[in-house]
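*Asks:* So the protein sequences, as listed, match chains A and B. First residue of the first sequence: 9, per my numbering; consecutive thereafter. First residue of the second sequence: 176, per my numbering; consecutive thereafter.
Quick caveat, the hints were computed from the structure, so don't treat them as lab data. Hints are not guaranteed to be accurate.
Stretch by stretch, here's where chain B covers chain A in the computed footprint (C-beta under 8 angstroms, at least three residues) [stated by the list, open to error]:
1. 62–70
2. 85–96
3. 136–144
Some chain B residues close to chain A (C-beta under 7 angstroms, calculated; not the full set) [said to hold, decoys possible]:
4. 252
5. 357
6. 409
Simulated restraints on C-beta separations [said to hold, decoys possible]:
7. A:233 with B:196: 51 to 61 angstroms
8. A:191 with B:249: 43 to 53 angstroms
9. B:293 with A:372: 30 to 40 angstroms
10. B:316 with A:72: 13 to 23 angstroms
11. A:372 with B:205: 27 to 37 angstroms
12. B:211 with A:91: 31 to 41 angstroms
13. A:233 with B:410: 23 to 33 angstroms
14. B:249 with A:372: 53 to 63 angstroms
Cβ coordinates follow ideal geometry from the N, Cα and C atoms, glycine included.
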Amino acid sequence: MNLQPRTRWLLIVAAFAMLAAACGSDGESSAADGDAGAECEVGDTDGDLALFNWAEYIDPEHLEAFGDEFGIEATMTTYDSNESMLPIISAGNSGFDVIVPSDYMVGIMIDGGFLQPLNFAAIPNSTNISDDFANPSYDPEQAYSLPYQWGFTGLAVNTEVVGDDFPRSWDLVFGEGASEYAGQITLLNDPRETLGAALKSLGYSLNSTDQGELDEARDLVAAASGNLAAFNTDSSDELLTSGETVIAHVYSGDAFTQFLETDNPEIYEFFVPEEGGTRWIDNMAIPFDAPHPCTAHTFINWLLDGGQGATLSNWNYYGTPNAESIDLLDEELNEFLTSPAVLVGGLDSVESIADTGDFEINYADAFTAAKG
Amino acid sequence: MTGSITEPRGVTRRLLQANAWFVYLFFYAPIVLLVIFSFSDSRNVGVWGGFTLDWYGDFAASEPTKDALWASLQIAAVSTVVAVVLGTMAALALERFTFRGKKVFDALLYLPIIIPDVTMAVMMLLFFAEASKLFGFTKGFSTITLSHIAFSISFVSVVVRARIAGTDQRLEEAAMDLYASRWQAFRHVTLPLIMPGILGGALLALTLSLDDVVITQFVTGPGWTTLPVLVFGLIRKGVTPLINAVSVVMLVASTGLVGLSLIAQRLRSDTS
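All chains, full assembly: derive it from the sequences and hints.
*Replies:* If you want it as structure tokens, here you go:
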């Protein structure tokens with residue numbers, strides 16, 4: 009009973025604290041909107057490195073090597089999707105110095121003001137990046153992000169069953185001939201990837217926001233679904249190598265690592281069909297309120313060194329955007345990444361998935377309808 | 176003996192038995208499969224590839240997995256202890272005393288049980304983002320532990336209250352009549368009586384903390400990835416039996432804890 013005045017007092021204090029916090033955050037975020045990148049010299053560190061990354065995307069020992077070289081502590085925390093990373097950064101004071109958002113998420117984060125512009129004077133190794141990755145659509149000035157790793161989405165085929173003489177085309181799954189392999193085909197269980205494949209096969213952009221084009225793609229996927237073993241993302245590569253399927257819609261990195269797990273990797277072939285497919289790029293970026301921006305710049309510069317880039321790719325087996333790293337890759341990986349047979353339609357045929365804003369829901373609806 | 180409810184017979188009885196068996200089947204068949212395939216020598220969780228202990232070896236050799244397990248255990252231990260103390264205190268206050276605002280407090284205490292995880296996660300995220308700016312601390316162990324305490328208190332207090340409601344308050348009064356101080360009465364009479372409830376609440380809090388993905392993922396900070404959050408991240412690259420092995424280890428650990436607490440209770444009742 010006698011606690012009551014105190015309780016009321018506490019409530020008032022709490023209310024003021026929240027108010028003060030809210031005001032404080034307004035002031036801070038507008039201060040962080042300044043255009044210039046952090047003022048750091050090459051190799052500067054201003055504290056420990058807190059990396060926020062996808063699981064199994066860098067060797068823990070590799071990260072430790074960075075810490076040892078610069079006499080700091082480097083820690084990594086993992087997330088499982090771009091969407092679960094975004095709110096943590098956007099709420100502010102996340103404590104992270106470097107994050108690894110995918111292509112479309114970079115665009116969203118730039119628009120939201122959640123990334124700080126990079127100071128390229130502190131990242132001389134940015135010139136190592138291959139021209140294929142210059143000025144991407146999601147960061148046209150390449151002011152906020154630099155590529156980390158990349159991969160394609162395409163088809164993987166068991167040539168022991170399908171033979172070598174088949175069209176390197178999406179017709180393999182969407183065309184007439186697909187019925188020959190009925191029940192032995194998987195498509196990714198992902199609206200943007202699978203409808204994107206259908207859009208490409210029809211000759212449209214995989215970022216189409218035209219409802220008519222999307223309807224055509226939906227009908228194509230619906231027609232193909234009769235020949236499918238499953239819409240499967242998690243284990244489509246394993247289903248292929250275990251012999252349950254013969255054609256799989258897969259991510260290049262997954263397919264490649266899975267091939268190497270088998271006794272006879274040469275019987276499998278991965279390619280991006282001639283009509284084109286998806287190229288995804290994960291990027292390094294620095295949150296707007298990163299506590300140690302100089303360490304972050306130093307880390308990005310360090311990882312863009314040719315040797316470090318090769319170490320990274322040789323561990324996670326994804327593609328490297330680093331032109332200086334290509335020759336240092338494991339032979340098998342190098343062969344896979346540089347083979348012209350992989351990218352049948354050439355670099356111009358591939359697109360990155362872009363955020364279509366409110367149209368995303370149309371993709372989700374169309375995919376649900378196509379799956380039936 | 177004539178009970179007020181007669182045991183069902185014939186078809187009803189058989190249907191009820193079948194129902195019970197089905198319930199057990201649905202509960203335990205997935206667990207059995209999970210355990211079996213953790214010993215499978217194939218990357219594909221659906222294909223048996225012969226017996227192997229490799230996945231457990233991988234688990235033991237994987238630095239990130241061990242770090243995540245250690246992080247989970249630290250957070251679970253601290254959050255459970257604090258939540259049990261606070262939850263028990265709240266339960267005692269609500270069951271034993273009347274005070275102004277009791278009804279409001281009571282209703283508020285149920286809130287974390289009722290509101291969806293995501294809602295709570297977003298609230299916590301915003302709260303800690305502002306609070307850490309204001310007081311200048313780094314998110315991580317502190318924020319994850321605090322949020323686990325916050326949702327565990329409710330569960331602990333519900334379990335403990337049920338136990339308190341089932342005990343006879345007159346025993347405590349009798350002890351005080353016999354010149355026990357308030358503390359002595361609590362220590363030697365009340366506490367032992369409600370101990371099963373407290374242990375039950377503690378196990379619940381521990382499990383909730385070890386399990387939580389949604390809230391933890393939102394309030395985490397540099398260097399703190401818990402095991403369930405890591406497992407979620409790994410699943411993105413396909414489910415391998417490594418995840419089964421991790422799950423089996425957690426399963427054995429949590430059933431071990433339950434077993435231990437049961438043994439502890441039995442020993443206690445034997446000696447008294």
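*Asks:* Does each hint hold? Answer for all of them.
*Replies:* Hints and how they fare:
{"no.": "1", "hint": "62–70", "result": "holds (count 5)"}
{"no.": "2", "hint": "85–96", "result": "holds (count 8)"}
{"no.": "3", "hint": "136–144", "result": "violated (count 0)"}
{"no.": "4", "hint": "252", "result": "violated (20 angstroms)"}
{"no.": "5", "hint": "357", "result": "violated (19 angstroms)"}
{"no.": "6", "hint": "409", "result": "holds (5 angstroms)"}
{"no.": "7", "hint": "A:233 with B:196: 51 to 61 angstroms", "result": "violated (37 angstroms)"}
{"no.": "8", "hint": "A:191 with B:249: 43 to 53 angstroms", "result": "holds (49 angstroms)"}
{"no.": "9", "hint": "B:293 with A:372: 30 to 40 angstroms", "result": "violated (18 angstroms)"}
{"no.": "10", "hint": "B:316 with A:72: 13 to 23 angstroms", "result": "holds (20 angstroms)"}
{"no.": "11", "hint": "A:372 with B:205: 27 to 37 angstroms", "result": "holds (29 angstroms)"}
{"no.": "12", "hint": "B:211 with A:91: 31 to 41 angstroms", "result": "holds (34 angstroms)"}
{"no.": "13", "hint": "A:233 with B:410: 23 to 33 angstroms", "result": "holds (24 angstroms)"}
{"no.": "14", "hint": "B:249 with A:372: 53 to 63 angstroms", "result": "violated (39 angstroms)"}
In this structure, the hints that do not hold are numbers 3, 4, 5, 7, 9, 14, in rising order.
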